Structure formats: structure tokens, C-alpha cells
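Enquirer: Make the full structure from the sequences, and use the hints.
Number of protein chains: 2
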Amino acid sequence: MKESKTTGEILREEREKKGLLLRQVAAMLDIDTAILSKIERSERKASKEQIIKLAEILELDEEDLIVQFLSEKILYEIKDEELGSKALKAAEQKMKYNNKNNS
Amino acid sequence: MKESKTTGEILREEREKKGLLLRQVAAMLDIDTAILSKIERSERKASKEQIIKLAEILELDEEDLIVQFLSEKILYEIKDEELGSKALKAAEQKMKYNNKNNS
DNA sequence: TTTATTTTGACAATAAGTGTCAAATATAAT
DNA sequence: ATTATATTTGACACTTATTGTCAAAATAAA
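These protein sequences, in sequence, are chains A and B.
This note's numbering numbers the first residue of the first sequence as 826 and each following residue consecutively.
This note's numbering numbers the first residue of the second sequence as 826 and each following residue consecutively.
One should not assume that every hint holds.
Identical copies carry no separate label here, and so any pair may be met within one copy or between two of them.
Stated by the list, open to error - Dumping the calculated DSBU-like pairs for lysine-lysine here, alpha-carbon to alpha-carbon at most 35 Å:
#1 Lys870 to Lys904
#2 Lys843 to Lys919
#3 Lys919 to Lys898
#4 Lys873 to Lys921
Don't read these hints as lab results, they were simulated from the structure.
Bear in mind the structure is a predicted one, so any value in this text is a computation, not a measurement.
Expert: Structure (C-alpha cells):
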């Protein structure tokens, strides 16, 4: 069974579907080709601004791509943590709790 | 209704319960008093190593304190994000999904 | 008021993130 | 096989965050 796609994999797939070159997309983002190459292979993380531009360039749903990007960022924080799963659940609880009492 | 406690609040409460001074606990942690003061007021974040030492010094359950610490770290990542809640849920999903396929 | 504790803010050192560039590698076309 | 184009890699530089020290200011306790 296949794992869920990384942001990089999504970006590469869509770029290739559109027949765009790294060079071309990198130019639109105003960064070096090397960085985009690294982003697509998950060697580096994109910034939020880059993600937004990429959604536009590749005609991906912006909200979906941001959620994808943020969730990856969250998982990165706890990737080596044994208690990561518990921490995630605790975070959700706190978020609920705090929302309830502010809104 | 009171919000859930921050790590800093927990640490301060427990330190005061034990009648320990910032100076004393900071010395045990081998950091300056100023930093511990800032940690307790959530002006700075403790490192994981410091959290572990603090659990021991203050006789708090280590696992609980780490979960508290990590969940705060996660929430910090998404604190200004409109899509934070969706991202958290997505992260949980991915975590489940990946666990299922590796273990 | 004196003494002890805590807080604040300026600063320094280090680590992490973000980018450029050029050379190496891989892919595609002649 | 050669050439041309695209991608990857790694060394380096620049910038921003993080983590700490120190000393002075503020607060609290004797």
C-alpha cells in the first residue's frame, strides 16, 4: 500500500502534468532552480508564500495545498518523538478547549 | 472558564509548591536565572533536555510534561494559521496512515 | 531601608533556514 | 557517440531564530 504523498511529490507531479520545467517554475517563484529541485524532493521546505504561488502556478486548490504543507510541518516537529501521537491529540484538545472559551 | 495551563505555568506552580527559588532551579539546569524566568512566563521555550530535567527536579511525570511541551510546540507552529485545525486533523490522519503501513 | 528575588532588555554566540553558484550527473535529441 | 538541455549535488554566503550571559531595574520580603 502506498503512503500519502509528500508536498514535494504533489508539486512535481503537477508541474510535469503541465509540461513545465523546473527552470520555468523557479523563475516564476523568483528562486534558483536548485531550490525548487530540493523542495520537490523534500530536501528543503517551501515557504508559505512559495506554496501559495505554487498553488496558483500549478492550478492546485490553495487551501488543500496549505493544509498539506502545514500538516507536513507539524509532523516534522514530532517526527523523532515517541510521544508524537499523544502530543498531536493533546494539541487538538487544547485547540478545541481554547476555541470554546474565546468565541 | 479557565484556559488550559501553559508549560510555564505548570513549572512555576510546581517550583513554588516545592519552595524552590528560580536561582536554585536554574542552577540545577545549568542556565541563567533570567532564562528560567522567561520560560516560566512563556517568553521563551524550554529545550527538551530542560523539560526532562525539570520533570525530575519538580517530580512531575516526565511523559505528561513532554506531551504538554510538544503539544505547545505544535500549536505554536499553527497559531496564526486559519487552517490550523484542518492541518492538525490532516497530520493525525497521515500519522495513522503511515503507522498502518510501516508496522 | 536593606536584602533577596525576579524581571527586563541589550548584547553575544551559535544554530537553522534560505538563497546563489558552478560543477557533476542524468536525460533526450541528432 | 556527441551535443544540448534539464536536473541534482554540494560548497559557500547571507540572514534570521534560538539560546545564552550579564547587569540594571523592578518587586517582594525582612
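Enquirer: Is the C-alpha distance from Lys870 to Lys904 at most 35 Å within one copy, between copies, in both cases, or in neither?
Expert: Result: close both inside a copy and across copies, 15 Å intra and 19 Å inter.
Enquirer: Go through the copies and call it for Lys843 and Lys919: within, between, both or neither, with a Cα cutoff of 35 Å.
Expert: between (41 Å within a copy, 27 Å between copies)
Enquirer: Between Lys873 and Lys921, at a C-alpha cutoff of 35 Å, which is it: within one copy, between copies, both, or neither?
Expert: both (25 Å within a copy, 25 Å between copies)
Enquirer: Using 35 Å as the alpha-carbon threshold, which applies to Lys919 and Lys898: within, between, both, or neither?
Expert: Close inside one copy (19 Å) and across copies (12 Å); limit 35 Å.
Violated hints for the displayed structure: none, as all numbered hints are satisfied.
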